[in-house]
Amino acid sequence: GAGVSQSPRYKVAKRGQDVALRCDPISGHVSLFWYQQALGQGPEFLTYFQNEAQLDKSGLPSDRFFAERPEGSVSTLKIQRTQQEDSAVYLCASSTEGGTGPYEQYFGPGTRLTVT
Amino acid sequence: DQQVKQNSPSLSVQEGRISILNCDYTNSMFDYFLWYKKYPAEGPTFLISISSIKDKNEDGRFTVFLNKSAKHLSLHIVPSQPGDSAVYFCAAQAAGNKLTFGGGTRVLVKP
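First to last, the sequence lines map onto chains D and X. The first sequence: position 5 = -4 (my numbering), numbered continuously. The second sequence: position 94 = 816 (my numbering), numbered continuously.
It is possible that some hints are incorrect.
As the list claims (entries may be wrong) - Output of the computed footprint for chain D on chain X, the stretches with three or more beta carbons under 8 Å from beta carbons of chain D:
1. 767 to 779
2. 821 to 830
Said to hold, decoys possible - Each computed DSSO-like pair below joins lysine-lysine, with the alpha-carbon atoms no more than 27 Å apart:
3. X:Lys776 to X:Lys790
4. X:Lys759 to D:Lys48
5. D:Lys48 to X:Lys727
6. X:Lys759 to D:Lys2
7. X:Lys793 to X:Lys778
As the list claims (entries may be wrong) - Computed, partial: chain D to chain X, Cβ under 8 Å:
8. Gln32
9. Ser53
10. Phe57
11. Phe98
12. Gly99
Since the hints were derived computationally from the structure, they do not count as laboratory data. Predicted model only: the values in this text are computed from it and were never measured. All C-beta atoms, glycine included, are put in the ideal place defined by N, C-alpha and C.
Between the sequences and the hints, there should be enough to build the whole structure, so can you do that?
Spelled out as structure tokens, the structure:
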């Protein structure tokens, strides 16, 4: 079946603009995660949903970052008033189960955000 | 405070030889460890995993070893193939949910 998809694949934003990044998880996957990957580094956790409930948002770097998953499938990561330090690849991942793991996570291709 | 570290940023190996990638962690609450492989412009792809109750897991050419007392794990790829050239990430989970990643090791397999 289809994997995790993300759109857009590339986004260039001027500093101060708002952006919205979309993630379509694998159908039926309960858990959805967002990660941020800066150049030359490993991905870093941002937030986690189990169905429509946002159970962990401890990794969101500031209140400019907001994520939602209103119907328990598609998720949107919104960044308000973008700053240059927000430039990174934003990865979405989903997994079959909810609750405590362990469960493999399946990643989308990412959205590369460049803030100029 | 990096809880998962991959101290070798790059590794070059001849085709057919063994590739050994290392990973160290500090959080003793981690109970599941995963290796991901990443090609440019693609998301990480799951490769192999190991539970903290085991010390070895093997899948084809890939074997992961876990030394809990040393808080160290390694990934062995044998024999290495040119298609294995990619960035490899070690990741860890505590009680499920979010992954904590290392910084990655870039592997180049020379024909």
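Checklist entry - Given the hinted pair lysine 759 of chain X and lysine 48 of chain D, is their alpha-carbon gap at most 27 Å? => result It holds: about 26 Å lies between the C-alpha atoms, which stays within 27 Å.
Checklist entry - Does lysine 48 of chain D pair with lysine 727 of chain X here, judged by a C-alpha cut-off of 27 Å? => result holds (23 Å)
Next on the checklist: Just to be careful, I want the Cα atoms of lysine 759 of chain X and lysine 2 of chain D compared with a cutoff of 27 Å; is the pair within it?
Outcome noted: Distance ~24 Å between lysine 759 of chain X and lysine 2 of chain D Cα, so the pair holds.
Checklist entry - Is the shortest C-beta separation between serine 53 of chain D and chain X less than 8 Å? => result Serine 53 of chain D check fails; min Cβ-Cβ to chain X is 18 Å, beyond 8 Å.
Next on the checklist: Against the 27 Å threshold, does the CA-CA distance of lysine 776 of chain X and lysine 790 of chain X hold or violate the hint?
Outcome noted: holds (9 Å)
Item to check | Restraint satisfaction for phenylalanine 57 of chain D [CB to CB of chain X, less than 8 Å] | outcome: violated (18 Å)
Checklist entry - Per the coverage rule (Cβ-Cβ under 8 Å, at least three residues), is the stretch 767 to 779 of chain X covered by chain D? => result Answer holds; 4 residues pass the 8 Å Cβ test.
Item to check | chain X contact restraint on glutamine 32 of chain D - CB to CB distance below 8 Å | outcome: Hint holds; glutamine 32 of chain D Cβ to chain X Cβ min 6 Å, cut 8 Å.
Item to check | Coverage assertion for the stretch 821 to 830 of chain X with respect to chain D, Cβ distance below 8 Å, three residues required | outcome: Contact hint for the stretch 821 to 830 of chain X vs chain D: holds, 6 residues under 8 Å.
Checklist entry - If you take the shortest Cβ to Cβ gap from phenylalanine 98 of chain D to chain X, is it below 8 Å? => result With Cβ-Cβ at 3 Å, under 8 Å, it holds.
Checklist entry - Are the Cα positions of lysine 793 of chain X and lysine 778 of chain X separated by 27 Å at most? => result Status holds; Cα separation ~14 Å.
Item to check | Restraint check, 8 Å cut-off on beta carbons, for glycine 99 of chain D near chain X | outcome: Result: holds, 5 Å to nearest chain X Cβ.
Figure legend: structure checked against the earlier numbered hints; hints not met, in rising order: 9, 10.
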